[in-house]
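Protein chains in written order, with the working numbering: chain C, 2 to 196; chain W, 730 to 1441.
You may find that some hints are simply not true.
Stated by the list, open to error - Here are the simulated DSS-like pairs of lysine-lysine, each with C-alpha atoms no more than 25 Å apart in a straight line: (1) Lys130/C with Lys179/C; (2) Lys130/C with Lys189/C; (3) Lys189/C with Lys179/C; (4) Lys19/C with Lys1249/W; (5) Lys970/W with Lys1133/W; (6) Lys1133/W with Lys189/C; (7) Lys41/C with Lys1248/W; (8) Lys130/C with Lys19/C; (9) Lys189/C with Lys20/C; (10) Lys1249/W with Lys41/C.
Since the hints were derived computationally from the structure, they do not count as laboratory data.
Now for the letters of each chain:
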Amino acid sequence: MGSRASTLLREEEIEEIKKETGFSHSQITRLYSRFTSLDKGENGTLSREDFQRIPELAINPLGDRIINAFFPEGEDQVNFRGFMRTLAHFRPIEDNEKSRNPTASEPLNSRTNKLLFAFRLYDLDRDDKISRDELLQVLRMMVGVNISDEQLGSIADRTIQEADTNGDSSISFNEFIKVLEKVDVEQKMSIRFLH
Amino acid sequence: MAALWTLPLLLSGCLLGCLALTPPDELPQPHNLPPLLGFNGSDGGPSVDLPMALRVFSVDYHHVQAPFEIVLWIMLASLAKLGFHWSGRVPAVVPESCVLIMVGLLVGGVIYGVRHSAPPTLSADAFFLFLLPPIVLDAGYFLPGRLFFENLGTILWYAVLGTLWNVLGIGLSLYGVCLLAQSSLGDVSLLHCLLFGSLIAAVDPVAVLSVFQEMHVNEQLHILVFGESLLNDAVTVVLYKLFESFLRLPSVSGLDVLLGGCRVVVVGLGGLCVGLFFGLVAALTSRFTSKAQVIAPLFVFLYSYLSYLTSEMLHLSGIMAIVTCAVTMKQYVEANVSEHSNTSIQYFLKMWSSVSETLIFIFLGVSTIQDVHMWSWPFVCSTLLLCLIWRATGVLLLTAVVNKLRRNAVTFRDQFIIAYGGLRGAICFSLVFLIDDFPKKRLFITTTIVVILFTVFVQGMTIKPLVELLDVKRKKRALPTVSEEIHSRLIDHLLAGIEDVVGYWGQHYWKDKFEQFNKKYLRRFLIREDHQARSSILRVYQELERREQRGDEEAPPLVDPRSHSRLLLPEEMDSIRRILSRNLQNFNNKQTPAYSRHTLHQDTTMDRTRKPLHRHQSLGERHTYNTITHWPQVEDGEFSESHRVRAGLSRSHTVCSISPRPVLQDSSASAQTAPADPRPAGDDQVFPQHQVPARRTPKKQLSFVLENEKQQ
């Protein structure tokens, strides 16, 4: 498994990924070549260092959390399947998918799943709630050092207050969805992958 | 204010006085610069017969006439510019270019009235050789590189295809009009119409820039229009020369048309190559300037100008050459020369381009007052109409196609601005003077002037209100809640990160390749040895910074138990919203262009981010200019430093917040902290984790209504 040729990706794998994520054949091959170019160790998986080598990601305030989101619970390496699974969340929702029958399992790029991805950026301990502390952490990362802790605290309070309907001073996933119902998440959280 | 306005009038008076001293036929064209200055004194000025005694006091105007007049014109231009900026409400309504043209009209009218003959006109040579290069050089030097290359496809699409569409459309339609109005316009041939179309279709970078200064356009739109106006020079010049040579030929064959097509490519690419060559030589030269730092800026200007002149000599696209030269040499020159030299280069560029631009507009005004006008209602009106129509349809069609391939679609508002903001300027004017003489040439000149004045005045003045009208329709939805804002920003950051992971459609592949090549060969060759960074040291530096950042993240913020259950009042909501809008990082809606004629703000941000790095000299780096180049370091090379900084800035920067916001006087923040506030805020936002240890400006607190309340 030493060569980096894209023929390494077998047809059956491409088909499986296609079914699971909904990407097209050419998109998958294109993303595979990006995967291999990131994979400096040439062992077929990406580690956190591989991600950290991307310069813009280092400047991104949420860089580390985004990198974390690629890795499944407790693991340090992500293979191509996992890579694609994460990226599938950002595929645009096509019209023919919107009328999918409700009994089929929800595709990875549905609105709910997109929001769940964003939710998990806050919710590090995976308790399905965004506590005040978690919110403060993210706020501090995004806002920078110019705001005092007290001001930030009040902003966090206000955020929780707007969303909290059951009075537990934290934001559950359903409350999160409700708060963002006016925001066009489908469009905002989509990348137009080139065919 | 009133005093400032009297100055230009005073100067005009002086100017007229000087002009009156000399008989009209002797007046040299302004800007016939040094080579022609030798002719002083040998003219038939008013000679006075005096007794042969020793004269104690005498005036010898002819001795200094030419430079004196040039200086007076430049002085007039600059004072008019000053007056414009001091005149209160005027800049909000009228773009600077309009005011300058009006001043020019005034001066021209006065000169005409005094001397009863045409005032000096802007000669095409003076324009192309002296006035245009500084402006284009300035634009090229401060070009936001990453944004430009990201949008290069779209820009080329608009520039090449759009210009072709406009030229052919306008030319053919005008020919149709001439056929219809056989009586008055019968002798205008198809080739003449095409020639006219080629020079009137071109969007002018000078005019566009000057109008966009006052408008708030987002970066992407700015770079699209600006890039298009720069690149369409190749197409315009080639088509113009092509049609001109066709006019001289007895007949035109298909082969000639084909050759013409090849010429477009040759001209464009040729200009590019010439620019590249001179840029690299300039970079190499700057490597050796450490012993004579004072003249280092001179090389920048000399090489750029040389590239322009060389490509003009070879009938290639001079604008493309000078822009390429500037873009190429910038990263290496900035790394090689001292910081003072850098500042000098930047200020000189701004100064010269400002002066050039002002002079161009004033001369446009002056040149309008002439004897040579020929008017024809159908021709002029149809030209105006056709210009607008063809541009609008061209933009609509092209955008419909290009939107399928872009991530950030060009919205309707943007399309409107692109179409309506296609201003014509001095390039058309000069080109029309260069046409070989034929019976209807004067008509062409008049029409060109009318089109230029129309676009600059009418379109320039109305574009801002019209855009605001369009925006009003979108502003009707309610203010977003705090949650929506915060979560939206989170999503924006997330998307930015994912895009970077995906490598943004594989453009990264070519950038990677270029960076490798750059690092391995170009930088080693073109940058001074002691300025080249050692990557391992920077890796250590970066690691240290990372650890500090991680440390900061894990420290739990102080929690105030009291603030759990308080309800917030409306004023507090407003303050919160203001804080958020100022501090949360903005994405594709940045409201100030990255390039501005009058200010250098984006570069001072860069200086500030450089300074904290100076502190880390303990890491063994004597010259830290390059550290930011490799910061955040990738093993196999990095893009140019300023571009990378700006890349960071372009993702998550608040340079926009540095632009003066009326909201600054929020709450009881002391006056001296308020203006200084956005600047550290701007820098701190970009590199929050990196500036925590190294910030020099003291942290200034935005005071907050809430704090006052708590104290009660």
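Among the hints numbered above, which are violated by the structure, and what are their numbers in rising order?
-> Checked against the structure, the hints that fail are numbers 4, 5 and 8, while the rest are satisfied.
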